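Protein chains: 2
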Amino acid sequence: MTTVIDGKNVAASVIQTVKSATAALEKSSGVTTGLAVVIVGDDPASHAYVGSKGRMAKECGFKSVQHTLPAETKQEDLAALVATLNADPSIHGILVQLPLPKPLDSEAIIQSILPEKDVDGLSVVNAGKLATGDLKTGLVSCTPAGAMVFVRRTHGEDLSGLNAVVIGRSNLFGKPMAQLLLNANATVTIAHSRTKNLAEVCRNADILVAAVGRPEMVRADWVKPGATVIDVGINRVAAPERGEGKTRLVGDVAFEEVSAVAGTITPVPGGVGPMTIAMLMANTLIAAHRAAGQTPPQF
Amino acid sequence: MTTVIDGKNVAASVIQTVKSATAALEKSSGVTTGLAVVIVGDDPASHAYVGSKGRMAKECGFKSVQHTLPAETKQEDLAALVATLNADPSIHGILVQLPLPKPLDSEAIIQSILPEKDVDGLSVVNAGKLATGDLKTGLVSCTPAGAMVFVRRTHGEDLSGLNAVVIGRSNLFGKPMAQLLLNANATVTIAHSRTKNLAEVCRNADILVAAVGRPEMVRADWVKPGATVIDVGINRVAAPERGEGKTRLVGDVAFEEVSAVAGTITPVPGGVGPMTIAMLMANTLIAAHRAAGQTPPQF
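Chains as they are written, first to last, in numbering that gives the first Met the number 0: chain A, 0 to 298; chain G, 0 to 298.
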């Protein structure tokens, strides 16, 4: 019997933990967890993302601040805002919504966020901490952190003796995911577009994580029977069966046929997707606990 | 026919490149490459290492500075020295010889070295740069950088389609080595003490790198015929055949039997060992080129 992970459900339980811990932190130390979200320009999709992050932050009991800047904002003014937020003790997490309008240099802005407030986990210092296994002071980017929650709830904390294969080697997902799996004692293989015999490599995986952006690339015969399959791809494909010009979302895994082989699988949509924003809240809570000298909850 | 890599020979060719580029940099921009080595206390082995680094730096044409501090040096005085070296434009590389005598906090000292002068590649910023594939501004720790020179001279720059297996996941070697191999497009597996069926995992490797510290653990039947085997282990074992109480150095690979299977292999001693100090010189030269706004040579 295959278990289909309900990402919305897991995300809701993460949010529940964040809510309780936010209230407990406030009670024990008087610290209200604070998240600042910065958005530049008028991109509707970016505004929608930022809106839902703000709503979720309020739901968690955070102080939620949004800074909306015009598209023609200058680099130095954006940098000055980040510096102000870095110095503000009531703000524990800073998120600058990407992409920034041209010609702003987003890399310089991201790297100027204090690593301990970098709740997106994008700074080179947080990458270095993750790479060297320092999860006690580092912050991990939200999507791999969310995927690891699924892995832990399926296999526990210790993945000793399990083979994990990550397909995809992006800095945003594949590399940090591999480091998290390694840190949990899995034997980890990172496969990618240059890998030979990819299907064979994947068949070796007890935990298979796909993050390549190729619709339904992972087929049933790529999967070891009983394996845990985590699908990080979100691809929009034509769905003529729904009517002319209609589309639907699919992952990197051919869900229907792989479901017949896998032990545990995440759907798309409704799998890893809902976890990203939940882990953003978790990271902000973790940052607030550390700032207050308290031990954050485990997710 | 198995190729046995002569590490001394390769190291000498790296040093030759460093010498020429040091002279060329001085001629073109007036910049003399500068390396500062800091040693605290009287440990004879540490003094021997520092001595050979200083001699090699001079041989390369560097300005070579050694700071010898007493064992009872205070943390703040050592930190002040590092701050002075950070600010000194004639110094491009700073190396603090480890281990530091107790109770000095070596982690704080290492992290206080400017990342662009951290020629040992130990700072969290350099770990993050390597983890995110930024080799243009980062500095890579010397032993994995040296092992990669062997890999490049055997397989070229692009390892697409090759499977690499690294046994060992230390921050000093295993993890950075895996990242370098991945960056060169290999499909990379990181195996370690918790790996199940280690021999089977290793048999899959076109490039097998062992860094576990277990004498002659890798046997002939762990190795794919024709594979490149790089042995980073240095283990001292009893050698009664040389007389009572005598010892000898062996690697993590059973050299004699594996030589019969591998296509290319490094010996111990005389393989990776001599590369570490050569890559320290290379890193210092790279740092000096960057400080002068010039493109460093490739190694």
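A few of these clues could be false.
Identical chains blur together in the list; that is why a pair holds if it fits in one copy or across any two.
[To be verified] Result set (DSS-like, lysine-lysine): computed pairs, CA atoms no more than 25 Å apart in a straight line:
1. 73 - 7
2. 26 - 101
3. 195 - 18
4. 26 - 245
5. 7 - 195
6. 195 - 223
7. 245 - 101
8. 135 - 223
9. 195 - 62
10. 57 - 7
11. 101 - 18
12. 135 - 101
13. 245 - 135
In case anyone wonders, no lab produced these hints; they're calculated from the structure.
Because the structure is a prediction, the values reported are computed rather than measured.
Checked hints:
no.	hint	in the structure
1	73 - 7	neither (38 Å within a copy, 54 Å between copies)
2	26 - 101	neither (43 Å within a copy, 40 Å between copies)
3	195 - 18	neither (46 Å within a copy, 40 Å between copies)
4	26 - 245	neither (50 Å within a copy, 66 Å between copies)
5	7 - 195	neither (35 Å within a copy, 34 Å between copies)
6	195 - 223	both (18 Å within a copy, 16 Å between copies)
7	245 - 101	neither (31 Å within a copy, 68 Å between copies)
8	135 - 223	neither (34 Å within a copy, 39 Å between copies)
9	195 - 62	neither (49 Å within a copy, 47 Å between copies)
10	57 - 7	within (18 Å within a copy, 63 Å between copies)
11	101 - 18	neither (37 Å within a copy, 44 Å between copies)
12	135 - 101	between (36 Å within a copy, 24 Å between copies)
13	245 - 135	neither (46 Å within a copy, 44 Å between copies)
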